[in-house]
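Q: Per our numbering, the sequence shown runs over residues 1097 to 1269.
Hint data in this document are derived by calculation from the structure and do not stem from the laboratory. As the structure is a prediction and not an experimental result, all values here were calculated from the model. Among the clues, some could well be false.
As the list claims (entries may be wrong) - Think about it this way: if two alpha-carbon atoms lie no more than 25 Å apart in a straight line, the pair counts; the simulated DMTMM-like pairs of lysine to aspartate or glutamate are:
1. Lys1243 - Asp1140
2. Lys1265 - Asp1126
3. Lys1187 - Glu1240
4. Lys1113 - Asp1126
5. Lys1191 - Asp1126
6. Lys1265 - Asp1139
7. Lys1187 - Asp1129
8. Lys1187 - Asp1126
9. Lys1245 - Asp1139
10. Lys1159 - Glu1255
11. Lys1113 - Glu1236
12. Lys1243 - Glu1165
13. Lys1113 - Asp1258
14. Lys1243 - Glu1115
15. Lys1191 - Glu1117
16. Lys1157 - Glu1263
17. Lys1245 - Glu1115
18. Lys1171 - Asp1140
19. Lys1265 - Glu1255
20. Lys1260 - Asp1129
21. Lys1265 - Glu1115
22. Lys1245 - Glu1165
23. Lys1157 - Asp1139
24. Lys1243 - Asp1129
25. Lys1265 - Glu1252
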Amino acid sequence: MSHTISTPIPSTSIEAKVEWEGNVCVLTYDTLDVHGITSSVGDDGAGATVVFIGTTRNSFKGKVVTRLEYQAYSKLAIRTMADIVRNTYIKQAVKAVSGTTHSPIRYAIHHRLGVVPVGEASIVIAVSSPHRKEAFLACEQILEEVKQKVPIWKREYYEGEDEKSAEWKANYS
């Protein structure tokens, strides 16, 4: 007689946080605190703080969205997020040294995991800088790279459709 022992496979979608020199990257199941995240990049030398808030919208391609669900390969995702911030900082610092721009001061990326209801934030990116142009450019660059490179997947649930038919999608769609 053979016995099968069922051992649950641990989730790779776990909370994670990396902090260094006033910068932070976070993966969390908690509701994102936009004010707290924005405050975390504050600096007396910053004349601008740019914040991007990505929220769950109520429709996609004519379908009514009821919620999103996010999963990540968190160990790689948090490392990739931190690399994106470091690389963005380096690119901006090189431009600052050449005198063509000012370097942003602080960065924060927070991304939700799990279920995110319609109207709630799934990602918040905040960047502070001496001037607005650099903060806007850095924020947009970080967003695009996070969507393209970070191993986070989303699942959209639609009104009137069987939940079992909801498909996982890459986060850049």
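Q: Next step is simple, just say for each hint if it's right about the structure.
A: Verification of the supplied hints:
Taking the CA atoms of Lys1243 and Asp1140, the gap is near 30 Å; set against the 25 Å cutoff, the hint is violated. Pair hint Lys1265 plus Asp1126 holds up; C-alpha atoms about 22 Å apart against a cutoff of 25 Å. The hinted pair formed by Lys1187 and Glu1240 meets the criterion: a straight-line CA distance of about 15 Å does not exceed 25 Å. Using a Cα cut-off of 25 Å, the hinted pair Lys1113 and Asp1126 holds, with the two alpha carbons roughly 13 Å apart.
For the hint pairing Lys1191 with Asp1126, the CA-to-CA distance comes to about 36 Å; that exceeds 25 Å, so the pair is violated. Restraint check for Lys1265 and Asp1139: not satisfied, since their Cα atoms lie roughly 37 Å apart, outside the 25 Å limit. Distance hint between Lys1187 and Asp1129 is unfulfilled; the C-alpha atoms sit about 28 Å from each other, more than 25 Å. Note on Lys1187 and Asp1126: the hinted pairing is violated, with a Cα-Cα distance of about 32 Å set against a maximum of 25 Å.
The suggested pairing of Lys1245 with Asp1139 is violated, with an alpha-carbon distance near 29 Å, which exceeds 25 Å. Distance hint between Lys1159 and Glu1255 is fulfilled; the C-alpha atoms sit about 7 Å from each other, no more than 25 Å. Proximity of Lys1113 to Glu1236 is assessed by CA-CA distance (about 21 Å); at most 25 Å being required, the pair is judged to hold. With a C-alpha separation of about 15 Å, the suggested pairing of Lys1243 with Glu1165 holds against the 25 Å cut-off.
For the proposed pair Lys1113 and Asp1258, the alpha carbon gap of about 34 Å is over 25 Å, so the pair is violated. A distance of roughly 21 Å separates the Cα atoms of Lys1243 and Glu1115; the hinted pair therefore holds under the 25 Å criterion. For the hint linking Lys1191 to Glu1117, the alpha-carbon distance of about 20 Å falls within 25 Å, and the restraint holds. Restraint check for Lys1157 and Glu1263: satisfied, since their Cα atoms lie roughly 15 Å apart, inside the 25 Å limit.
A hinted pair counts as satisfied when its Cα atoms are at most 25 Å apart, and Lys1245 with Glu1115 qualifies at roughly 20 Å. This hinted pair does not check out: Lys1171 and Asp1140 have alpha carbons roughly 33 Å apart, beyond 25 Å. Simply put, Lys1265 and Glu1255 have alpha-carbon atoms about 18 Å apart, close enough for the 25 Å limit, and the pair holds. The suggested pairing of Lys1260 with Asp1129 is violated, with an alpha-carbon distance near 31 Å, which exceeds 25 Å.
Restraint check for Lys1265 and Glu1115: the C-alpha separation of about 29 Å exceeds 25 Å, so the hint is violated. Distance hint between Lys1245 and Glu1165 is fulfilled; the C-alpha atoms sit about 18 Å from each other, no more than 25 Å. With a C-alpha separation of about 41 Å, the suggested pairing of Lys1157 with Asp1139 is violated against the 25 Å cut-off. Among the hinted pairs, Lys1243 with Asp1129 is consistent with the structure: their alpha-carbon atoms are about 21 Å apart, no more than 25 Å.
In summary, the hint linking Lys1265 to Glu1252 is supported, as the alpha carbons are separated by about 8 Å, within the 25 Å threshold.
The structure does not agree with the numbered hints 1, 5, 6, 7, 8, 9, 13, 18, 20, 21, 23 stated previously, though it agrees with the rest.
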